[in-house]
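Undergrad: Take a look at the letters that make up each chain.
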Amino acid sequence: MENNIILSVKDLEVKFKVRDRELTAIRNISMDFEEGKVVAIVGESGSGKSVFTKTFTGMLDINGRITNGEIYFENEDISKIVKDSEWERIRGKKIATIFQDPMTSLNPVRTIGYQISEVIIKHQGKSKEDAKQLAIELMQKVGIKDAESRYDEYPFQYSGGMRQRIVIAIALACKPKILICDEPTTALDVTIQAQIIQLIKDLAEEYKFTTIYITHDLGVVANVADIVAVMYAGQIVEYGLIEEVFYDPRHPYTWGLLSSLPQLGDKGDDLFAIKGTPPSLFQEIKGDGFAPRSEYSLKIDFEKEPPMFKVSDTHYAKTWLLDPRAPKVEKPKTIQNLHEKMLNLTSKGGVYSDRDK
Amino acid sequence: MKKYIWNRLLKSILSILIVVSIVVIMVYTLVPVSKIFENDPAHQKLKTNYKTVYVYGKLEELGYLDYYTIGEMCVAKKSEDINACTTSGSQENIKVLNEFEADGFTVEELTQYDELQGRSFAYRKYSVPELLWKFFSKLVVIDHPYKIQDPKNSDMNRGYSIESDYNNIPAVVCSGCNYKYQLYLDSSFPFIHSNILKFNFGISYPTNSGVATIDVIGNGQGSMKSFEQKFPTGEVSKSPILQHTCKYKYETDHLDQKRFTDNYANCTLQYDSPSMIKTSYIFGIASLILAYLIAVPFAISMARNKGKTIDKAGIALINILVAVPSLALIFFVKYIGFGFGLPDKFPQLGFTNIKSYILPVIILALLTMPSLMTWIRRYMVDQANADYVKFAKAKGLSKKEISQNHIFKNAIIPIVNGLPSSIILAISGAVITESVFSIPGMGKMLPDAIKASNNNMVITLTFIFTSLSILSVFLGDLLMTVVDPRISLNAKKGEKK
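Heads up: the protein sequence lines correspond to chains E and P, in order. The first sequence maps to residues 1 to 357 in this note's numbering. The second sequence maps to residues 1001 to 1497 in this note's numbering.
Don't read these hints as lab results, they were simulated from the structure. Accuracy of the hints is not assured; some may be wrong.
[Said to hold, decoys possible] Partial list, derived from the structure: chain P residues whose beta carbon lies under 7 Å from chain E:
| id | residue |
| --- | --- |
| 1 | Y1388 |
| 2 | N1410 |
| 3 | D1484 |
As the structure is a prediction and not an experimental result, all values here were calculated from the model. No residue lacks a Cβ here, since even glycine has one placed at the ideal position from N, Cα and C.
Let the hints inform the model, and build the full structure from the sequences given.
TA: Put into structure tokens, the structure is as follows:
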């Protein structure tokens, strides 16, 4: 089992200094990423999804730092790397990232070709001509027609979807071990979203890289992920295989997230929303961070932080509700028969019946 | 693309016409006529009717009005008996005067007691359209082989030919034109020169009276400088004559005949000091280069180390340079330089000594640097926060690579846009610095011309500065298309050429 763990995070804590105050963005996360799997990290804005993955490539903003914990990648604790020059052998080369907005991810005044071959020259030490050849192959691979003639074009001559394909091509230029997709489809329209997700899926199979999705689009998660990690206020509150988290969620926050899917709401009823706001990260969070917003909170939730309870070998959740002494609580009605509802929605005649095409 | 450039050129010319028209109208209708003569020594010396005659004569020369003496009136109306016509009170005289009055002229009589007393004269002020027409119709002078009509030399050959000039370099030579050399080559920028098209802005008055305004600012200054040269007759002598500038001379003297085989003997002379424009330009360009050489790398390293020592030092420098009044800065640097043995007045060592240039160039560079540094740093910092920089970092590029290959190329786009105007408008000179160092440049020309009511000079300078500003904005926009692929002169963006 231990062999195919590609990235292992232990007790990670990340703090930011904001106007002389310190906030804790990541609070003691431990998580293993299995090689070749697709992991989705979901959670609302500010839950620390992006910060968490940024620590894998040393991309934290200048005021942020890892205050505790280790990140093991290829038998090396990369959380200890400080210098940018040292990061260069991992960043882009072994762990690549694509960001959410393809419109602005590319330099507007450099040719597409330059921006792809630049990485190849840098990380693989190829000559300019070889790099161009490789870049054109990559462009074809991500589905750019007439790659050769479009090599010398500029980003503004590409559509949004095509730019995201180029961004993917750049990310894959050095055959990375891990690809972090930071909301890769948020800025794209629905039809292009599906194409891009499919593309990443296909390329993952071909290049055999591990994919980490950061998203708040549960539709994307359901579509691509093998494993889901739900983040709340800098912690992973539930973790498990996609089927387990979707059809047998255990954490009240996950319940809330799933209930807020607009597709699950009944026509005419108000859409469900999680009440309240996430806790301030400037203060120490006592007990369960989600307790003040939860309808199911127990007295202990406000006093003591819950441990990770094991639901199955692959499924964990961080809530006192799983303690044997806790009262039995039923998950909300909306998601009780989620499986059935999903089937209805995606089967022929359903609202999302063509989603997979 | 061609269409755009033509459009732009047309619009530019229109803008120039409008601006110059406004200035012409302002100058001719709003500046009080009495102000013009305040600085004219000839006017101060003249008395009684002679003063009146001088004033009207001058005003006609300056293009304010149409002025006729009684003699001219008689000739204009084709009077049969000129003698009777010029005698005031005679029938013929009254007839002519009445005719002129009917034509819209104001007829007046010289009243003061002297020998001109009793003579009539007529004048008519030009209307605004007439003023404009008179200015623009003679503005552009195009030379052609039928330009010279000399009754003494009526059978001269007319036409162009290619001859070698006094340096044995081929040149296009014209017989019958005003200028002998129409196209010629020499070693000064831009190497190929032409005399075909000239601007005529009228003469300078009352300062530099009688010299064409364009020559006041464009001709050399100082004392004449002779050099050994060969004349068309074969004579070799030391002379300051610049043969390429020779114009047709109606009355040649024996000296001219000794040197020239034809009538083209009215030449510009070479002086040891450059013209006002050139002087200002030398300082302008030198300081610009110095300012960019310091400001660009400085600003880049400031942006790259934002918030660190070098950035703070740079910001402190910018603040000091902006906060200290420029006059104080000029004197401050001047006295420091003086302590190092540099001249505090330009003419002390003159044009030939490099030491004369050091202080003014440093000062001008110091004055341009703060804004340049602020903007470059700002654009670099702006770009450094762009998403593509984040992605470039995620690609594994080093800070230096990102800065050089990505940020800089984006950050210079707005800088490049302003570059042509900095370069071209360097000729407008620097008022304070030039005054403090007594540099004979363009800086004080416009304020002086306005103060002295040198109308033609004001119009000339307006025309030159307006045209150059518009030209440099245009060039700036053209340059943008070179550095920014997103900007295209085609109507449809991103279309293939």
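Undergrad: A separate judgement is required for each hint: does it hold in the structure or not?
TA: Structure-based check of each hint:
no., hint, verdict
1, Y1388, "4 Å, holds"
2, N1410, "6 Å, holds"
3, D1484, "6 Å, holds"
Violation of the numbered hints given earlier is absent; every hint is satisfied by the structure.
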